[in-house]
Amino acid sequence: MNMIQKTANTEISNAQRIYVRNHKRHHYFITVMRIIVLLLFLFLWEIAARLKWIDTFFFSSPTLVVTFFIEMILDGSFFVHTGITLFETLASFFLITIISLLFSTLLWYSNTFSEIVEPYLVVLNSLPKSALAPLIIVWLGTGTDTIIVAGVSVAVFGSIINLYTGFKQADAEKLKLIITLGGNRFTAFRKVILPSSVPLLLSNMKVNIGLALVGVIIGEFLAARRGLGYLIIYGSQVFQLNMVITSIIILCVIAMGLYQCLQCAEHWYLKHK
Amino acid sequence: MKQPILQCQNVCFSYHNLKGETSALTNISFQITKGEFVSIVGPSGCGKSTLLSLIAGLNMPESGTITLDRSENTKIGYMLQQDHLLEWRTIYQNIMLGPEINQTITPENEKLALTLLNDYGLARFQDKKPGELSGGMKQRVALIRTMMLNPQILLLDEPFSALDYQTRLMVSADIGRIIRKAGITTILVTHDLSEAIALSDRILILSKRPATIKKELPITLTLADDSLLAARNAPEFPNYFSVLWKEISDEYDTENR
Numbered sequence: 086m087n088m089i090q091k092t093a094n095t096e097i098s099n100a101q102r103i104y105v106r107n108h109k110r111h112h113y114f115i116t117v118m119r120i121i122v123l124l125l126f127l128f129l130w131e132i133a134a135r136l137k138w139i140d141t142f143f144f145s146s147p148t149l150v151v152t153f154f155i156e157m158i159l160d161g162s163f164f165v166h167t168g169i170t171l172f173e174t175l176a177s178f179f180l181i182t183i184i185s186l187l188f189s190t191l192l193w194y195s196n197t198f199s200e201i202v203e204p205y206l207v208v209l210n211s212l213p214k215s216a217l218a219p220l221i222i223v224w225l226g227t228g229t230d231t232i233i234v235a236g237v238s239v240a241v242f243g244s245i246i247n248l249y250t251g252f253k254q255a256d257a258e259k260l261k262l263i264i265t266l267g268g269n270r271f272t273a274f275r276k277v278i279l280p281s282s283v284p285l286l287l288s289n290m291k292v293n294i295g296l297a298l299v300g301v302i303i304g305e306f307l308a309a310r311r312g313l314g315y316l317i318i319y320g321s322q323v324f325q326l327n328m329v330i331t332s333i334i335i336l337c338v339i340a341m342g343l344y345q346c347l348q349c350a351e352h353w354y355l356k357h358k
Numbered sequence: 005m006k007q008p009i010l011q012c013q014n015v016c017f018s019y020h021n022l023k024g025e026t027s028a029l030t031n032i033s034f035q036i037t038k039g040e041f042v043s044i045v046g047p048s049g050c051g052k053s054t055l056l057s058l059i060a061g062l063n064m065p066e067s068g069t070i071t072l073d074r075s076e077n078t079k080i081g082y083m084l085q086q087d088h089l090l091e092w093r094t095i096y097q098n099i100m101l102g103p104e105i106n107q108t109i110t111p112e113n114e115k116l117a118l119t120l121l122n123d124y125g126l127a128r129f130q131d132k133k134p135g136e137l138s139g140g141m142k143q144r145v146a147l148i149r150t151m152m153l154n155p156q157i158l159l160l161d162e163p164f165s166a167l168d169y170q171t172r173l174m175v176s177a178d179i180g181r182i183i184r185k186a187g188i189t190t191i192l193v194t195h196d197l198s199e200a201i202a203l204s205d206r207i208l209i210l211s212k213r214p215a216t217i218k219k220e221l222p223i224t225l226t227l228a229d230d231s232l233l234a235a236r237n238a239p240e241f242p243n244y245f246s247v248l249w250k251e252i253s254d255e256y257d258t259e260n261r
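Protein sequences appear in the order of chains W and L.
In the numbering used here, each residue's number is its place in the first sequence (first place is 1) plus 85.
In the numbering used here, each residue's number is its place in the second sequence (first place is 1) plus 4.
The hints are simulated quantities; they were obtained by calculation from the structure and are not laboratory data.
Using N, Cα and C, we set each Cβ at its ideal position, and we do this for glycine too.
Careful, some of the hints might be misleading.
Claimed, not checked - Pairwise CB distance ranges, derived in the manner of DEER restraints: (1) L:T37 - W:T197: 39 to 45 Å; (2) L:N106 - W:L187: 25 to 31 Å; (3) W:N107 - L:S48: 37 to 43 Å.
Only chain W is shown next, with the shape it has when bound in the complex:
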């Protein structure tokens, strides 16, 4: 057994072994350094707070954040606020995906329609969407639907333009192929444009999930009684900086989690293509 392993080992050249070892070593080094940076930051923050270099009233401290977080879990407010923000973000993300897919399909299908609509799309896309938020509040009141609409408004126009441009870049000869096989423009969309645009759809979704979160937080700043955005704005108004910072950290984790989900979907697609 030992013998066989030895001969197997000698078959891999020395240079290859060194290369693999260095590669792994580099990988570990990066991971370890990332953790060290985080720990060092938390450590310095805590020390600075304990030694009164910074005022914990304004800057909080890791222990205060953890204490506040545990309190939030115990009184259940963590689940209420995180849940509502997560729900609103996912709802606007799905709406963005569906609306932009339908609308960009329509634009692709009719050249005349897209020529007519194009300038309006460009204007709506370059408009700072937070300017629309007060208007939405007046129209829809201060409820969950207002915040979902705010989330949708931030990403939907850019997403439509992005998908439409992607659809248009599909190979014209492939469309000709579908026509010669007896299909029409609609079959061409289903058989060629959509399957070839899956990578574009996925990368577009990765952008949209981030933007949906931005829109939801803006919405919650302006018109909510629940949610992480509300906690941040409320906490800053009553000088509860523990609340603000804890909420921001929870937001970071949510953003990362949502992005990772889509990243996994993309990896899965590339593997099973």
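Chain W is fixed; fit chain L onto it per the hints.
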């Protein structure tokens, strides 16, 4: 005289844009009988491909008529320059694209697909993706995809131009043989004169743009054996080649003068 399966009469076609119009075809008239293999050659950019897309019905002629023999619901198969296999589909799924679009996936069609794959030596590859096949194989898959529609007329638009020279010799002889065996009426557009002579019964020579039919050249070759290169070794071959070469280079000369 046999009833022609395809008849073009005084076909004219121009491309339009805001700067003006470009006349591509003028007064094209010819007819093709059932089972014939006809090649169309001409100087580059003379409108050969335009003529094919008119016959396929992708564009309408500005004047003149294109008549198909309607007695048996003539279907047209069109094979494009590139194979255009969809890389996210397996070979089998690519072949079934036509029936899928026409919603005619029947057990007979599925059987036909497997038979064709077998005949063309691709049965082993039916579950592979196009990326795993060589250029010549992909071209054969594209031909099967076209054949799945049971066409009575086959239009080939420089179907071998994406292949390297050796593969091209093999595949063109190979595909020519398959088509002849099936007895399908074929129109081949090519800029390769020897390919046209080796494959066709008749060659139509187009003039430079605006193209019209300059000459029709019937081809009869005495084949010594049935090897792939037999046609190119036929005694009549060099003679046909020089006739074609002269006709085409005349066109370039008048252009440069």
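Numbers of unmet hints, in rising order: 3
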